[in-house]
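For the protein sequence lines, the chains are A and B, in the order given. Per my numbering: the first sequence = residues 1 to 339. Per my numbering: the second sequence = residues 1001 to 1452.
For the record, the hints were derived by calculation from the structure and aren't laboratory data. Possibly wrong hints are sitting among the right ones.
[As the list claims (entries may be wrong)] Calculated Cβ distances over 12 Å to all of chain A for the following chain B residues:
no.: 1; residue: 1035
no.: 2; residue: 1234
no.: 3; residue: 1339
[What the hints assert, rightly or not] One side only, chain B facing chain A, incomplete, derived with CB under 8 Å:
no.: 4; residue: 1340
no.: 5; residue: 1341
no.: 6; residue: 1343
no.: 7; residue: 1348
no.: 8; residue: 1353
no.: 9; residue: 1357
no.: 10; residue: 1359
no.: 11; residue: 1362
no.: 12; residue: 1363
[What the hints assert, rightly or not] Now the in silico label distances, taken between C-beta atoms and shown as ranges:
no.: 13; chain 1: B; residue 1: 1222; chain 2: A; residue 2: 285; range: 51 to 61 Å
no.: 14; chain 1: A; residue 1: 79; chain 2: B; residue 2: 1222; range: 53 to 63 Å
no.: 15; chain 1: A; residue 1: 266; chain 2: B; residue 2: 1209; range: 24 to 34 Å
no.: 16; chain 1: B; residue 1: 1352; chain 2: A; residue 2: 319; range: 42 to 52 Å
no.: 17; chain 1: A; residue 1: 63; chain 2: B; residue 2: 1258; range: 47 to 57 Å
no.: 18; chain 1: B; residue 1: 1311; chain 2: A; residue 2: 86; range: 44 to 54 Å
no.: 19; chain 1: A; residue 1: 154; chain 2: B; residue 2: 1311; range: 45 to 55 Å
no.: 20; chain 1: B; residue 1: 1200; chain 2: A; residue 2: 332; range: 26 to 36 Å
no.: 21; chain 1: B; residue 1: 1209; chain 2: A; residue 2: 194; range: 54 to 64 Å
no.: 22; chain 1: B; residue 1: 1258; chain 2: A; residue 2: 21; range: 47 to 57 Å
no.: 23; chain 1: A; residue 1: 63; chain 2: B; residue 2: 1223; range: 27 to 37 Å
Where a beta carbon is used, it is the ideal one built from N, C-alpha and C, also for glycine.
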Amino acid sequence: MDEKRLLEVRDLKVHFFTDDGVVKAVDGVSFHVHKGETLAVVGESGSGKSVTALSIMRLIPTPPGRIVAGEILFRGKDGELRDLTKLSEVEMRRIRGNDIAMIFQEPMTSLNPVYTVGDQIAEAIMLHQGKSRKEAMELAAHMLDLVGIPEPKKRLANYPHQMSGGMRQRVMIAMALSCNPSLLIADEPTTALDVTIQAQILELMKKLQEEIGMSILFITHNLGVVAEMADRVVVMYAGRAVEEADVVPLFKEPLHPYTRGLLHSVPRLDLAAERRERLEAIPGNVPNPLYLPPGCAFHPRCKHYVEGLCDREVPPLEDTGDGRQVRCVRWREIREVRA
Amino acid sequence: MERLSPSPTRTQLVLRQFRKHRLAVWGGRILLVLYLMAAFAGFFSPYDPNYYELYPPKGNHPPTRVHFVDPETGRLSWPFVYATKRSIDPVTLQPRYEEDPSQGKFYLRFFVRTPDQPYTVFKVFRSDLRLFGVDPPGRIFLMGTDNFGRDLFSRIVYGGQVSLTIGILSALVSFALGLLLGGIAGYFSGRPFALSLPPRAWRGWRWALGLVGLLLWLAVAAGVLFLAWSFVRLSPGKGVFSLVVDGFVLALGLGGALLILWKVFREPLRLDPDDLIMRTVEIIAAIPSLFLLISLRAVFPTNIDPLFTFYLVVGLLGFIGWGGLARVVRGIVLSVREMDYVQAARALGASDGRIIARHILPATASYVIVSLSLTIPGFILGESGLSFLGLGVTEPYTSWGLLLQAAQQGGFASFTDRPWVLWPGFFIFLSVLSWNFLGDGLRDALDPRRRQ
């Protein structure tokens, strides 16, 4: 694996074996994360982005879920390259929290209500760094200071219910970063927060990324957040990556019809005022994961659908030549139409 | 920056709410007194629980009357008792005791020393200091004596040591079991573990494990076959109906054995710990507990060390009582394990054991505390019942149940002639009621919905 790469996911397949049938939540996803960069994984609910993140942490509930194929190569802090899918549970525990940390969507419920925030941050530190309780508490106070919580020493003794949503998400970030992970997986960390707080949290994450130098795998369905945070973007649909590109070219010239649909369905103040158009939406719904449509899973909702072409075989992920990848048989035509 | 306003902590809130429940507060106070008396039984009892006088005998002595008024002067006086004179009722042949002022007054004295009856506190500190007493040959029996002439009050105080602690110990045993098994059942529900390995999965160290497992399952299959064969061998009839039944049973046994073998050889036999533990709970719950206790107790010989009997009763009561708690704990764990903070803890690298102990079981704390305080009186009653039936604590140890059992000797006349022998019942009643009120108050205090 390339020295610059911190994480490389190769052809990951995660299936859930339910009573109704096999749900292919993630079906052959590949991507990589460079050191120090932010990769955004974008997609609607049910596109498999959260499952991808949980697979990297090996937190897929088993049964019913299982990683059936693929590799997740990760370079740990010790410089060693490991395939996370093959590690034992004990080895994996050493990586969780220490090398890869995760923050969740819901700050209101992600903290245990019966312990003080100091206890919870210190728990992570004691678990991985073998520090005494006193040292861990000092470090916890330092972390709270780092994430911009005033009076950190006093706040250590607070219970989660005494804090607001934004504060709690800051605490979650402090917890996640307390062991200096090299990869932070953020699973929609701002979805449950209101807009002003969202901006603060994103600002904070960017600042901390510069200071600590970690990589971020940012999972979201909010394209505004993607534009703000990401260096590169992977767009997922129905368990597959449909487009991968740097953030600027992607927003400038989306190649996959699904990406285009997503971008068009973002309300834009500058355009709405002059054109007074209705907001565009992608017609239809995300397909039932048990019965994916044949061929390109997006074809029933696609404007560029051609019978006999799109509904035959799953289109391959093609390299466009300029460092982008797209999974659409008609991407050349779409690019020309645009140009 | 403004200072953070100190908000009441959870403990303060709970205490505030608890104090509003006055019965619960009184229950707590009474229990405190009872447990203090049991802990320092030697100090609070005027006599050794097994002390009695051969001459003059004091069997079935009624409670000694404590005089506050001097009959000679008619004025208030420091409390005193008279010595008693024993006679035999010519009709009932029961002893009668009459006060005998000729021996003088025996004034009640506090902090007396009884060098002839030393005691120990927690088996460590030796002492002979007692809270109250009278000078010999005067005797003070606050609640009368038993048929040997032993002071009933002293025996009740000592009996409390057993009756009050056995409730707590049994409850702790059953709660340890219930929390552990309920926690495991809930947390690992839906994650079945393999009970056998098919031969094709025998690799490395699993080889030995697989072989042992296979042999065990072969034994189970053989057992099933043997059971079926025994049924056929012992079946009496030779009629058509009997033959049909025999054939059916034989087919059932053969089919069962083949099914087990087929399963074991084809794929790992998986069992959900949730199913295993919850079905065990149901089996235990289906057995009438009193009969289970009696039969379990009957397995052990009756001439074993009484102290061992004590622990045996603790264990038996605890073993029977864990099911209900395990069931509730499982339910709580099932809901808590889906919480985000459990997932977050796992994402920080916490192990299963750590997550159960630190993040899941504390969520059951308020339920457990309340349930504990409501279960303990049940175990106190259980011990009394067992001792009453002669299956619990035995002499020379004493417990309230045992004292009640002694009280019923002599038939109904025992209650009419010597009503003071019912005192232990009052103490059982008092402690059970106090525990119940305490539990009630704790439940209200810990339940945020009832908080005002």
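Query raised in the report: Out of the numbered hints, which ones does the structure contradict?
Result: 3, 8, 9, 15, 17, 20 and 22
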